[in-house]
Amino acid sequence: MELERDILLQIYRNMCLTRALEDRIRTLFLQGRIVGGVYTAQGHEAMTVGSAMTLHDGDCIVPQHRDLGMHLVRGVDPRAIMCQWLARGNSPTLGRDGQLHIGDMHYGVVPMISVLGESLPVACGVALTMKMRKRSTVVLASCGDGATSTGPFHEALNFASVQKLPLILLIENNAYAYSTPNSKEFAVQDLSLRASGYAMPGVSVDGNDVLAVYAAVQEAVELARNEQGPALIECKTFRVRGHSEADKADYVPPALRQEWQAKDPIQRFSTALSQQNILTPTLQTEIAAWVKATVDDAVRYAEASPAADGSTVAEYAFAPDGPLAIIGEPGASDPMYVNAQDSRIGRPFSVVSETYKTSKTYRAEEAGRV
Amino acid sequence: MSKTINNKKVTYLEAIGQAIYEEMQRDEAVFLLGEDVGNYGGAFKVSAGLLEAFGASRVIDTPMAEAAIIGSAVGSALMGMRPIAEMQFIDFITCGFDQIINMASKMYWRVGMPVPIVIRGPAGGGTKGGPFHSSSPEAWFFHTPGIKVVVPSTTYDAKGMLKAAIRDNNPVIYLEHKLLYRLPELREELPLDDYTVPLGKAIVRREGEDMTILTYGAMVHQCLRAAQVLEEADDLAVEVLDLRSLSPLDRDAIMESVKRTNKVLIVHEDTLTGGIGAELSAILAEELFEYLDGPITRVAAPDVPFPYAPPLEEAYLPNAKKILVAARALAAY
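Heads up: the sequence lines are chains X and R, in that order.
Counting from 1, position 187 in the first sequence corresponds to residue 187 in the working numbering; the numbering is continuous, with no gaps.
Offset between the second sequence (1-based) and the working numbering: plus 1000.
If you are wondering where the hints come from, they were derived from the structure by calculation, not from laboratory data.
Glycine included, each C-beta is placed from N, C-alpha and C at the ideal position.
Please note that a few of the clues may not be correct.
Distance windows between CB atoms, simulated [said to hold, decoys possible]:
no., chain 1, residue 1, chain 2, residue 2, range
1, R, Phe1289, X, Asp23, 37 to 47 Å
2, X, Pro323, R, Asn1039, 24 to 34 Å
3, X, Asp309, R, Leu1272, 36 to 46 Å
4, X, Thr312, R, Lys1201, 22 to 32 Å
5, R, Ala1056, X, Thr280, 47 to 57 Å
6, R, Glu1028, X, Val115, 26 to 36 Å
For reference, chain X alone in the conformation it holds in the complex (with noise of 0.2 Å):
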């Protein structure tokens, strides 16, 4: 598979920005700035990165605690990612919630809840809605290795494989589920084994080769397209840090730890790029300081944001009457729906970045800029 340079270097911006966001959240964490814990994905950019860039227009993700460099290809704006860890009042959940816990599906980005697994049965239905209305999009849900143990994994599973939804889950294996090992989560070797018990294809990857990603997901994307059902993708990968920033993690033996990030997949990318002479040494400045500058102003806007209300404390328990569009048809943004726009506020959502929101063709756009 030979992509393209101005898809590589976009992979590879990408995963730049994920990586010195959640740095900065956590040095941020570390100041006492953040309020509430944070799950950061050092390791994971790959994953995140590399399965979100084989979507289109229309296509949805159902991503987890760890996939922020899967909401930063979808358009997310770092402004609001920032805005969600202060826990703003004009955070996209006004405040209600914090970290990824945020989506739009109007740019088909699902938001998750905390407990894990669930999102697999939600994402069954998003992908339902497309087949019942016909469409060939395709809908991509993450999960990590703990999750696959839970029930609505498998009930999530098994149905997408009954219904032939247009669904690819990609399972993160990074090794731990908090402090618990794979040895004693599931019993088999690789987690893709799951699939045959389904009926589906099944995978499994280097989850620090962005590229062997992007093509393992793609594979399964073109299938889903063309009606052929689900496929599950297990990436293998490894947690380099703790389950969150207040878990020293040292159950992890020292010597694993360092062997894996040996394996970074940013290092590794790079230096494939450079070797080919795609990432200049020039280009590779540039990019370090559009990342910086993003990361900057996405702080910078969080903090001079205001605090949450708390005498709005008691306010959205429920939605309003009102006409819903079905997402993606013509129309659907029109503001007479009640789901056209964040009806708690009367303000269009503010989870996507402006620059996504006004370009259709944002990723050629922002590939060429780089």
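Following the hints, complete the assembly by docking chain R onto the known chain X.
Below, chain R without anything else, positioned relative to chain X:
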């Protein structure tokens, strides 16, 4: 067959089928999913004829997997669809509990996206169903913000409230009492025109000045029987207020009635502790303390699981006789 032919009296069950049929006819976003709902027409035949009318893409036979059923309903609702998820027996809703509590109920509040789903199924006892086919789960959901809970007691309401629930932009738990499904007394001729019964409005089923009975679901009929006896034998005029929508709760109707009658009896089929009656009692104690001429009294099932053997079931369920005893004691206070 669920098609709308209104020139005859229909059952409570047929009214539910009609509501689903008409809403699916009216709005292409509405669809039904659940176990055995298509080919078989549902365990109680609520959805008989719908598969033929709308096809397998809108009447979906699912695997035996409530988390997948409710979760898929949530996912499609986020896309703007209006799914109706059937629980074969409402007892099985526990298998999809997290999808309701953590996923659906918090979604609009958290991210501003409506989740217009109806989760409906046969609830309640009196059918020798035992501990796993008789439950009244309303209190779990009544306690959870962001969920509406409705419990129709008549054929007219069964149809009108289901239509309103389908058109609502929030998760609605719609509890249909299986004992009422084919009850001959509940057969009713329904309006030919489209109608809904708004969620959040209680209705006075019998007027009276001496006491108010607050109730809902199948217990409405037991209360009406008791009220009839109280009038004939005790010369008491008892008002029966059918709450029918527990969330939102029609506080105004409750206040209006109790301010006039000054005595309240609360009757529900669910167990006593932490039940709907507990919250009603608290509201009345807080709001109408000075209006009350007797203790707020509750008649409910004892705090044990639902039993199987007929004498146990008989002892467990509230009925007109037990209501009569409680009402007389309250009247004499």
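Evaluated hints:
For Phe1289 (chain R) and Asp23 (chain X), the hinted distance range of 37 to 47 Å is not satisfied, since their beta carbons lie about 59 Å from each other. Distance hint check for Pro323 (chain X) and Asn1039 (chain R): the Cβ-Cβ separation is about 32 Å, which falls inside the suggested range of 24 to 34 Å. Distance hint for Asp309 (chain X) and Leu1272 (chain R): a CB-CB separation of about 40 Å, consistent with the stated range 36 to 46 Å. Taking the beta carbon of each, Thr312 (chain X) and Lys1201 (chain R) are about 27 Å apart, inside 22 to 32 Å as hinted.
Between Ala1056 (chain R) and Thr280 (chain X) the C-beta distance comes to about 56 Å, which sits within the given range of 47 to 57 Å. Between Glu1028 (chain R) and Val115 (chain X) the C-beta distance comes to about 32 Å, which sits within the given range of 26 to 36 Å.
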